[in-house]
Every structure is written in C-alpha cells, then in structure tokens.
Amino acid sequence: MKFQYVPVLIAFGLGGLVAAVFVAAGMFLGPRRPSPVKEAAFECGNPPSGPAWGRFSVKFYLTAILFIVFDVEVVFMYPWAVLFRPLGVFGLVEMSVFVLVLTVGLVYVWRKGALEWD
Amino acid sequence: MPADVAIATAKVLFALFLALQIMGLGVFFERKVSALIQDRIGANRAAIFGFAGLGLVNTLIADPIKFLLKEDITPAQSDRLLHFIAPCASLVPALATFAVVPFGDVLALGGRLINLQGAELNVGLLFVLAMASLGVYGVVLAGWASNNRWSLLGGIRGSAQMISYEVAMGLALIGVVLTYNTLDLQEIARAQGRLLWGWLPAWGILYQPLAFVVFLVAGIAESKRIPFDLPESESELVSGYFTEYSGAKHLMFMMSDFVEVVLVAALVTTLFFGGWQVPYLARDGFHFPWGTAVALPSLVVALLQVTAFALKVIAFTWLQIVIRWTLPRFRYDQLMRLGWKGLLPVSLANVMVSALLVLLAGRGA
Amino acid sequence: MTPQRFVEAEPTSEVMALQMGPSHPASHGTVKFNLRLDGETIIDVDVEIGYLHRGFEKMCEQGTWNHVFPYADRLNYASPLLNNVGFALAVEKLAGLTAPERAQYIRVIGGEISRITDHLTCLGMAANELGAISAGFYMLEAREFLYDLVEAICGARLTVTYCRLGGVMTDLPADMTERTRVALKHVRDILGDCDRLLSRNRIFVDRMVGIGKLPSADAVSWGLTGPLLRATGVPYDVRKAEPYLVYDRMDFEIPTGTTGDNYDRFMVRFAEMEQSMRIIDQALAQLPPGPILADDPRFVLPPKEQVYTTIEGLMNHFKLVMEGQKVPAGEVYVATEGGNGELGFYLVSDGSGRPYRVRVRPPCFYGMAALGDMLRGHMIADIITTFGQINMIGGECDH
Amino acid sequence: MTAPVFLLLAVLVVAAALTVVAHPSPVYSACALVVTLFLLSVFFVALDAQLVAVLQVIVYAGAIVVLFLFVIMLLNLTQPESRPTAGVPVVAVAVGGGIGIAALVAAALRRVPPAGAPALPEGFGDTAALARRLFTAYVLPFELTSVLLLVAIVGAVGLASRKG
Amino acid sequence: MTQAELLERLPSILPAGALRSSDVVRGQAVADLERTLMRDALAALRDHPDVRLEMLSDLTAVDYLGRVPRFEVVYQLYSIARNHRLRVKVAVPEEDPVVSSVSSLWKSAIWAERETWDMFGIRFTGHPDLRRILMYPEFEGYPLRKDYPLLRRQPLVAERDPLERPWFPRP
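Protein chains in written order, with this note's numbering: chain A, 1 to 118; chain B, 1 to 365; chain C, 1 to 399; chain D, 1 to 164; chain E, 1 to 171.
In case anyone wonders, no lab produced these hints; they're calculated from the structure.
Fair warning: there could be bad hints in the mix.
[As the list claims (entries may be wrong)] Away from chain B, derived, C-beta distances all over 10 Å, residues of chain C: (1) 18; (2) 26; (3) 40; (4) 102; (5) 131; (6) 134; (7) 135; (8) 138; (9) 290; (10) 353; (11) 372; (12) 381; (13) 384.
[What the hints assert, rightly or not] To give a feel for the contact side, a few chain E residues facing chain C, derived at Cβ under 8 Å: (14) 21; (15) 60; (16) 80.
We put the beta carbon where it would ideally sit given N, CA and C, even for glycine.
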C-alpha cells in the first residue's frame with residue numbers, strides 16, 4: 001500500500017466530515033415544516049407544469065464527445081511532457097504528428113460549425 | 001507508522017484549515033471589497049449577543065449559522081437521494097484537492113524532516129485535474145435531481161462549461177510540466193526557488209506567461225463566477241442548478257464555490273508564482289544576491305514560507321473577487337466560443353512552442 | 001401574439017416550454033415570458049403583461065383633474081416628473097391655459113432631471129443584470145444625486161405630484177443653480193466611470209451588439225418611440241418635432257444610432273443624458289423671474305392669504321377643490337417626450353369638473369409589444385439585455 | 001496490499017458494479033459507475049500504477065460517464081424501465097458466463113508463481129517509466145490513437161449535424 | 001402642411017364615402033370615418049405620399065354612454081416624414097361593437113387593439129390574436145365601459161393547469 005495516498009483518503013474523509021456536519025447541523029438546527037406549496041418546483045410563481053426532465057439539444061452531447069477526445073489528447077501529453085527532455089527532438093516530432101492529426105479534427109469541427117452555439 | 005499517520009493527518013488538517021481560513025477571508029473580501037468598489041458600507045448588521053463591534057467577523061459567523069437555521073427543503077418531485085448527494089459531490093472533491101497543494105518546504109522537527117504538503121503525490125497535478133473533473137457531477141446531478149427547468153438548464157449549462165474549460169486548463173498545465181518535467185506539485189514549487197542571473201526568482205510566470213493567463217481564465221470558469229457564472233446567473237436562470245436548494249445544502253454549494261476560488265488561487269500561486277517560495281530564502285535562511293546571508297531556524301523558515309504562501313493565495317483570491325465585481329457576464333455561445341476557439345488553440349500552440357523552446361534551450365545549454 | 005416569423009426548430013433538437021416570470025429575478029416590473037426553447041435558442045416568446053394593472057384610466061375618471069397628478073407620478077415611476085409635466089400640458093391645452101414662463105422653465109429643468117434618472121435606472125439595471133453589478137450601483141448612486149435635486153424642488157423624491165394646472169406647486173429653492181452644478185458634476189464623473197467600465201468592454205459590447213435588432217421601418221410600424229426608435233436612426237424626438245414648453249429655446253442634439261440593436265439603444269440613452277444635462281444648464285441660465293402659477297381663477301387655486309382673508313378666495317378655493325376645475329368640453333391629444341419615448345395623453349372632457357376619459361399612451365407598452373419580434377432566434381440570455389433596453393416600467397406599461 | 005483492504009475494496013467495487021447493472025434508474029447506474037471507476041483507481045494505486053489510477057479518474061469517471069449522463073438526459077432515459085425478467089436465456093447466459101469466468105480465473109491462478117511475486121523494477125508505475133514505454137516501444141499505437149480520436153470527432157459531428 | 005391643409009387634402013385621398021366629417025379642434029386635425037370603409041381609408045392615409053402617416057401612435061376607445069352610436073374608436077396617427085398628426089375617429093354602435101383590425105397596417109395596433117378589446121369589449125375582425133392583455137382571461141365584463149360598476153366583485157378563479165393554457169400550443 002502506498003503510504004502517500006493515505007493522506008488523500010484522510011482528506012476525502014475530512015471533506016466528507018465537513019459535508020456531513022453541515023447536513024446534520026442543518027437537519028438539527030433548521031425547522032422542518034413541509035407543505036405542498038413549499039415543496040413545489042419553482043416556476044417563477046406559476047403552478048408547476050410537470051416534470052422538467054425532457055429531451056435536450058444534441059449540441060450538449062457533441063460538446064461532451066469533443067471534450068472526451070481532447071481530454072484523452074491532454075492525458076497523453078502529460079507523460080510526454082514529463083519525459084520530454086530525454087525524448088528530445090524525437091518526442092517533439094512524435095507529439096507534433098499527434099497534435100497535428102487532432103488539429104485537423106479541430107479545424108474540421110470548426111469548419112462544420114459545430115463550435116457555434118447560437 | 002502511527003507517528004506517520006498522525007503527522008499526515010496533522011498536515012492535511014492544516015492544509016484544509018488554511019484553505020478554509022483563506023476562504024473566510026475571501027468571503028470578507030467579497031463583502032467588503034465589493035462594498036468598497038461600489039461605494040457602499042457593506043455588511044455591518046450582524047451582532048452576536050448584542051455585540052456588533054467586530055462587524056464583519058460577526059457576519060462571517062452569522063452567515064453560515066443563518067443558512068443552517070433555515071429549513072432545508074427538498075422539492076417533492078425531486079430525486080431525494082441525488083438531491084442530497086449533489087452538494088456533497090460538489091464540496092468534497094474541491095476540499096480534497098487541497099491535500100496535494102504544498103504550503104511550505106520542509107520542517108525539521110524532532111529529528112524528522114516533514115514535507116509541508118498534505119499528500120506527497122508524485123502525480124499531484126493530475127490529481128488536481130481528476131478532482132476538477134469530478135466536480136462536474138455536483139452541478140449536473142443538482143440540475144437533474146431538482147427536476148426543475150431552471151435547475152436543469154443551469155446544470156446542463158454548467159457541466160458543458162466546466163468540461164469545455166477543463167480541456168484548456170489541462171493543456172495550460174502541460175506547459176508547466178514541460179518546464180519542470182514533473183507532476184509533483186512540491187517539486188514544481190521547489191524548482192521555482194532557483195535564481196535567474198543570480199537575482200531573479202525563476203517563478204513559473206516567467207516561463208509560462210500564456211499558460212498562466214489561460215489557467216486563470218479556465219480556473220475562474222471552473223469556479224463558475226462572473227464573468228463565467230452562467231450556470232447560476234440569477235437574472236437568467238433564477239439560481240441555475242441550485243434553484244431548488246435551501247439551508248445547509250445551499251450553504252454547501254456556496255461554500256464549494258468559494259473553496260474553488262481559493263483553490264484556483266492556490267494553484268496559480270503554486271504553479272506560477274513560486275508557491276511557498278520567499279525570494280532568497282533557502283532552508284537555512286536568507287541568501288541575498290548581494291552576498292548578505294541571514295541564518296534562520298527551520299521553524300522560522302517554515303513559518304515565513306507558509307505566510308508567504310497564504311499571502312500569495314490571498315492576493316489571487318482578491319484578484320478574482322475584483323474581476324468578479326468588474327466584468328459583465330458572458331452569453332452561453334460566447335463562453336463556448338472563448339473556450340473552444342480561443343483558449344483551446346492558444347494553449348495547444350503554447351504547448352508546442354514551449355516544447356520547441358525547451359528543446360532549443362536544452363541544445364544551447 | 002402568434003408568431004409571424006416562426007423560427008424553425010432543427011429536427012435534431014427538442015422544444016422546451018419555459019415560463020419566465022412573473023416572479024423571476026429579471027422580470028423587474030412583473031412581466032412573464034412564455035418561452036419555447038430549442039436548447040438555449042428562443043423559438044417563440046409570448047409576452048404576458050398586466051400584472052401591475054391598477055386601472056389608471058378608470059381611476060382618473062373618478063376624481064378631479066388635479067387628482068390625476070399623483071396617479072401620473074406612478075405611471076413611469078423612474079421619471080415621475082415627466083409624466084406630471086405631460087399630463088399638465090395636456091389638460092392646459094384642453095383648458096386653453098398657459099403656464100407662466102418661469103413655470104415652463106422649471107418644468108423643463110425638473111423634466112430633464114427626471115429623464116436622466118429614468119435613463120440611469122434603465123442602464124443601471126441593464127448593466128446589473130448583465131452581471132456588471134458595480135456599474136449598476138454607480139448609476140444608482142448618480143441617481144441619488146438627482147433624487148436629491150428633485151427633493152429640493154418639491155420635497156419628495158419619487159411621488160412628486162409637483163405640477164398643477166397652470167404651473168407648478170412651489171418655486172425652486174434659492175440655491176438651485178449651485179445645487180444643480182454640484183449634482184451634475186457628480187453625475188458626469190460617475191457617468192465617465194460607467195462609460196469606461198462598459199462602453200468599450202469587450203464582453204459587454206459582444207452581449208449588446210446585434211441583439212434585439214429591429215429595422216427602422218419595423219420600429220415605426222411597432223409604434224416605437226424614444227431611444228428605441230432613435231437607435232434605429234430615426235431622429236424623432238417630440239421635443240424637436242413639436243417643441244413644447246421652452247424646448248425651442250434650448251440648444252441640444254438628438255443622438256441617434258444606426259442599427260437599432262441593444263448597443264445602439266444603450267449608447268443613445270447614454271448620450272441623451274449628456275444632452276439633458278446641457279438642457280438643464282441652459283434652462284437654469286435662462287431662468288426668468290416671475291410667477292410660477294397662471295393667474296386664472298377658473299383653474300388655479302387662490303393663494304392661501306386670500307383663502308383665509310377674503311370670502312371670494314375661500315369660495316373659489318372651495319369650489320375648485322370640491323367640484324374640480326371646469327375644463328371646457330372637448331378632446332385633445334398631447335404628446336410629450338417621456339423617458340421611454342412619446343408619452344401621450346388623450347383627454348376627453350364633458351365640461352364637468354372631472355375627466356370624462358383619460359387615455360395614456362405608454363411608450364414602453366409598444367416596446368413590449370415589439371419584444372417578441374426582437375427576441376425570436378436569439379438566446380435566453382438576450383432576453384435580459386433586450387428587455388432591459390426596452391425599460392419596461394410596470395406602472396407605465398400596465399397602467 | 002494487505003488482504004483485509006483488498007477484500008473490503010473488492011466487496012465495495014463489486015457492489016457498486018452490481019448497482020450499475022441492477023439499478024432501474026439509468027442516472028443511478030451512471031453514478032454507481034463513477035463510484036466503481038473510482039474504486040478501481042484505488043486498486044491501481046495499490047498496484048503501484050499511480051498514473052493509471054489518476055488517468056482512470058480523469059478519463060473514465062470525469063469524462064466518459066459525463067457523456068453517459070448527457071446521453072441519458074438528452075434522450076430522457078430517466079424513467080425507470082422494466083428489466084427483462086429472469087427467463088431461460090438470461091439464466092443460460094448467467095450460468096455460461098459464470099463458468100467462463102471461473103475457468104479464466106482458474107487459468108490465471110495456474111500461471112501465478114506459487115510463492116511471492118517478483119520484486120517490481122525500480123520506478124515501476126511512475127510517470128516517466130510509463131512514458132518511456134509509450135513513446136518509444138509503442139509509438140505507432142500512440143499515433144494511431146490520434147487517428148482514432150479524429151474518427152471519433154468526425155463521427156460525432158456527423159451524427160449531431162444530420163438533418164431529418 | 002398645416003393641420004387645416006391636411007384636412008383639405010383628405011377627401012381626395014380617402015375612398016369615396018369614407019370621410020364623414022373633419023375639423024380642426026384646438027389646433028388638432030380630427031377626421032371622422034365611416035366604420036365600413038375605415039380600414040381602406042386608414043391604409044390610404046398610411047401610404048399616400050403626401051400624407052404618409054406611417055406611425056399609429058395610439059389606439060383607444062371612448063365610451064359615450066347614452067349616445068348613439070355609443071363607442072368611438074380613436075386612432076392617433078403621426079407622420080415622422082411630414083411631422084404632422086391626424087386623429088381618426090370611428091363611431092361604433094353598442095349592439096355591434098366590431099371594427100376591422102388595422103394590425104396588418106401598423107404592428108402597434110396588435111397590442112393596442114387587444115387592450116381596447118380587453119377594456120371596452122370592442123372586437124377587431126382580422127386581428128391575429130385577440131385576447132385579453134391587461135386583465136386575466138376569466139375576467140368578466142369590460143372595465144373601462146362607463147356602465148361597469150366601480151366596486152363590482154369578480155368571481156374567484158381556480159388555479160389553472162399551466163399546460164392547458166391556450167398560449168402554450170403543445171407540439
């Protein structure tokens with residue numbers, strides 16, 4: 001077991017503790033007088049018009065896919081950046097090709113207007 | 001082993017304590033700096049047991065208490081469990097990130113050399129990114145679980161915004177990694193103690209100015225504050241993804257926002273402004289470029305470093321608050337355009353140019 | 001209204017119905033937008049007003065002519081004096097009465113101060129809702145200096161009820177010139193700050209340029225007046241087109257825009273404030289001495305000494321208060337330049353002491369009517385800028 | 001790694017994974033998937049593969065499940081759906097799968113050296129070591145990844161912008 | 001063109017029989033139009049190059065209770081190009097309170113006619129969307145009519161199902 005990760009667990013525990021303390025304090029200190037009107041969804045003073053869950057624009061989905069693609073690209077770059085000095089010119093060329101291919105993708109997306117949100 | 005665990009716990013506790021203290025100060029700034037900017041008096045009404053003398057300190061205590069004393073309403077048609085999990089998912093990763101931020105060099109205490117960093121991860125930088133990417137869930141779950149149109153719009157907006165700026169943020173950090181060739185935040189902070197030409201501290205901003213700008217912008221976007229507060233922009237989406245939150249859970253969202261502000265300030269400090277480095281201060285004391293040296297005990301050095309770190313973080317927290325009270329808000333399409341068509345290509349170019357420069361510098365040396 | 005330019009939703013998208021208002025942070029003035037959205041894009045919007053309807057026109061028919069002035073204050077409560085002046089001018093035209101010169105100057109001064117407060121409210125709130133909260137607060141601060149002036153003139157900041165048939169209630173304070181100079185200096189300083197904070201701010205400009213655009217022909221057809229119309233490049237200003245009071249003696253310009261988008265509206269309002277300040281300066285310099293109320297016992301209350309010392313004065317006072325001014329039968333439509341545009345009063349008198357019909361032409365009512373056209377195809381966030389630039393004042397729009 | 005820790009983690013991760021499969025609400029499944037992936041990364045840490053552990057969180061928990069959630073919301077798959085009841089085919093698949101997994105585990109166990117694992121090489125699992133392998137021995141797969149990602153972009157844009 | 005000159009031009013511009021009378025009252029030109037021909041007449045006023053009353057400043061009605069015809073719809077027209085005004089009035093009888101809509105001539109009439117319908121109960125034929133604007137849909141009566149009792153109580157309205165509203169046409 002890597003000892004250096006124990007503090008991370010501790011940090012998560014402490015963070016969770018803070019959250020738990022807040023929720024618990026809110027439960028004990030706050031009043032609890034539910035009423036149907038109070039628990040209705042806020043729709044600017046209008047009676048709620050049914051569940052909000054509905055279908056959403058496909059553009060958000062595209063954003064998520066683009067994010068994954070570029071996130072994976074970024075993830076590949078981290079080990080490369082760490083080892084960059086030993087890799088030298090070879091590393092630069094290697095990553096240039098990689099980035100170039102993805103830049104083509106970016107340009108394609110750009111040209112297709114998929115980066116327009118209005 | 002128990003001693004190690006105790007020290008580790010103490011360090012994490014201290015890191016979180018420091019973060020929460022600076023957060024409190026951030027709230028102070030938010031109230032008073034904004035009042036100063038806008039020619040107002042600002043919060044001055046809270047009195048505890050009739051004692052209003054400390055003015056804002058009272059407000060800082062009274063604010064969370066007020067939140068906790070409010071009823072915590074869960075809308076009837078919401079998804080109760082996720083509605084509860086969302087604020088926790090927002091707050092916990094933000095707090096946990098502080099574990100990897102170094103707040104000092106080493107402290108020699110009782111024969112031990114204590115590394116002043118909560119968790120000494122050799123992949124600390126990636127840990128930061130991982131936690132940032134987990135922060136999305138708080139927003140998206142809050143938006144979805146509330147089952148309210150405003151929340152849903154805010155949640156979708158917020159998550160799309162956060163993931164878009166995460167890419168730019170990650171790319172900006174690669175420039176830093178190229179400079180220091182490590183993912184360990186403590187190593188990065190230490191490397192910034194070098195002096196250029198014998199007098200200029202080699203802080204990251206000198207090597208990666210562009211990355212600094214991109215990181216700061218993306219960081220503000222991640223913490224969802226003006227000009228990037230679209231997920232919660234009240235004049236458009238009421239309160240965005242936390243429209244349906246009240247009481248303690250609402251407090252947690254507000255708090256995680258502020259924790260993120262401090263986090264961005266801490267990361268900017270660590271990566272670009274020398275972290276805990278005090279110019280010319282080494283482990284054994286000051287070594288000024290003109291030859292003077294002042295020997296200092298380890299405890300004093302550590303104290304100086306922690307103070308310097310805290311001051312820098314406070315300065316960047318302040319900067320973010322000034323930005324928040326100066327700029328108007330983006331529109332959604334402008335925000336996305338800035339992220340994808342502005343920051344992304346710029347940071348990508350920054351990576352490649354940095355790599356080239358590193359290579360050339362390596363050749364020259 | 002039913003959509004005339006219906007923006008087709010893309011087949012891959014889903015339409016969401018959203019009710020924005022009446023209790024929404026952006027709907028200051030209590031208004032409701034029934035939105036149909038594709039993602040964030042507005043496919044259709046139906047503007048619902050009337051939440052602040054309080055029967056202004058019906059109320060006016062119940063009292064005497066002088067009773068209307070307090071109601072008029074509450075039409076456009078961002079510039080109550082302008083409404084006051086507008087209504088007084090309309091009744092005076094109907095009665096064939098002319099206010100003395102000094103009263104006319106005072107009305108110009110008060111009206112222009114109110115115009116600035118109106119524009120400051122509009123622009124400050126617009127900035128505030130864009131997230132530029134500080135600029136918004138600055139403008140409100142500038143407004144305070146002007147409210148102080150209004151208070152010095154008539155003792156009230158908002159509910160002024162300052163005009164009377166044939167003149168105004170009280171004279172200006174003795175140090176009015178000095179007070180105004182100080183106040184306008186503050187206002188100019190603050191406006192300079194706001195100009196630097198907003199006018200060339202990239203985010204602000206991007207949010208405003210090209211949004212809510214309306215070609216001038218459409219704007220005329222929608223009955224837009226005031227800054228909304230001038231932003232499209234039509235230099236229509238009632239003060240120049242049909243000069244009333246002493247505006248023909250003032251030297252001022254009509255700022256106009258070119259494209260009629262929100263940025264032009266913003267800049268037109270901004271420039272108009274400077275012109276209003278010029279008018280105030282000139283009017284104060286030219287201000288003649290003399291009475292502030294016309295000498296006409298049919299419409300004007302006698303001075304208090306006469307009421308208390310002479311039986312004629314007392315009876316006249318009694319008759320005027322109890323029966324109201326007997327304005328000759330007939331009808332009249334008088335337009336003045338209100339904060340938001342042409343503020344018209346169409347009055348019908350049957351010769352009794354009470355108005356038979358009072359119709360106000362609320363300028364922002366027509367702006368709100370055009371809002372749907374301005375917004376279709378834009379995004380949710382643009383509602384705020386466009387709605388803000390229309391400067392819908394509930395009291396006026398819903399009258 | 002000590003056995004109790006492993007057992008605890010294993011129970012947790014299996015429980016989370018079962019929630020992913022068994023929960024009627026897709027949103028809950030996605031959330032459980034995040035937990036599963038997060039716990040898996042703890043396994044990676046325990047195996048000294050820290051970089052992989054963090055990347056696991058960044059890419060899978062932080063990106064791919066976000067996409068899942070978006071799709072769930074996008075298609076409004078939020079209403080619980082009726083799961084197929086345990087008919088004969090399901091049982092058959094379950095039994096067959098179980099046997100297969102058991103066989104795999106047995107085969108794997110057979111290959112494990114009987115006594116103690118060999119010592120890990122110096123610097124195993126750290127970023128530089130992984131990078132060295134990736135950028136020297138596996139250059140071609142690395143470059144091909146970019147092409148794969150490019151295809152993903154083109155496909156996504158094609159899908160999203162298809163009219164009708 | 002003074003107001004008097006404007007009125008002199010009117011007979012030649014308007015369709016035959018449309019103009020009932022015209023006068024300058026307190027310096028303001030007023031024209032009374034025949035109800036059946038008023039839409040064509042108003043179109044002519046808007047489009048004729050000499051008159052060009054391209055803006056409908058305001059549209060309202062007056063209830064002259066006890067007079068026959070009872071209502072009068074009043075149009076305030078303004079020409080930006082020529083800088084003159086004209087008030088057009090159309091008498092409307094109580095038993096048939098209908099006027100043709102001018103919303104296709106001036107868009108400003110869309111809301112103004114809705115308000116007049118709301119307040120006086122005068123219907124405008126050809127209006128794209130004639131429904132109440134300042135009052136709520138369930139409101140009974142027309143409040144600005146002189147015979148609307150000042151203190152009349154309105155019936156209570158049940159809460160509406162928001163999705164059943166007429167202005168949310170479901171796809």
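Would you assess whether residue 290 of chain C, listed as outside the interface, keeps its beta-carbon beyond 10 Å of every beta-carbon in chain B?
holds (40 Å)
Checking a non-interface call: every C-beta of chain B should be farther than 10 Å from the C-beta of residue 26 of chain C. Is that right?
With a cut-off of 10 Å, residue 26 of chain C comes too close to chain B, as the shortest Cβ separation is near 4 Å.
Beyond 10 Å on every Cβ pair: is that true for residue 18 of chain C relative to chain B?
Non-interface label fails for residue 18 of chain C: nearest chain B Cβ at 5 Å, not farther than 10 Å.
Beyond 10 Å from each Cβ of chain B, as asserted for residue 381 of chain C
violated (4 Å)
Using Cβ atoms and 10 Å as the threshold, tell me whether residue 138 of chain C really stays out of contact range of chain B.
violated (7 Å)
Against chain B, does residue 372 of chain C hold up as non-interface, every C-beta pair farther apart than 10 Å?
It holds; residue 372 of chain C is separated from chain B by about 18 Å at its closest Cβ, greater than 10 Å.
Minimum Cβ distance from residue 60 of chain E to chain C below 8 Å?
Cβ of residue 60 of chain E sits 5 Å from chain C, so the hint holds.
Beyond 10 Å from each Cβ of chain B, as asserted for residue 135 of chain C
violated (8 Å)
Does residue 384 of chain C really sit off the interface, with its C-beta more than 10 Å from all C-beta atoms of chain B?
Residue 384 of chain C is in fact no farther than 10 Å from some Cβ atom of chain B, at 5 Å.
Tell me if residue 80 of chain E is really an interface residue toward chain C, meaning its C-beta lies closer than 8 Å to one of theirs.
holds (5 Å)
The output says residue 134 of chain C does not contact chain B. Does that hold with a beta carbon cutoff of 10 Å?
Residue 134 of chain C not clear of chain B: closest Cβ-Cβ about 5 Å, inside 10 Å.
Does the no-contact call for residue 102 of chain C survive, Cβ to all of chain B over 10 Å?
Residue 102 of chain C is indeed farther than 10 Å from all Cβ atoms of chain B, at 36 Å.
In the structure shown, a violation is registered for the earlier hints numbered 1, 2, 3, 5, 6, 7, 8, 12, 13 and 14, in ascending order.
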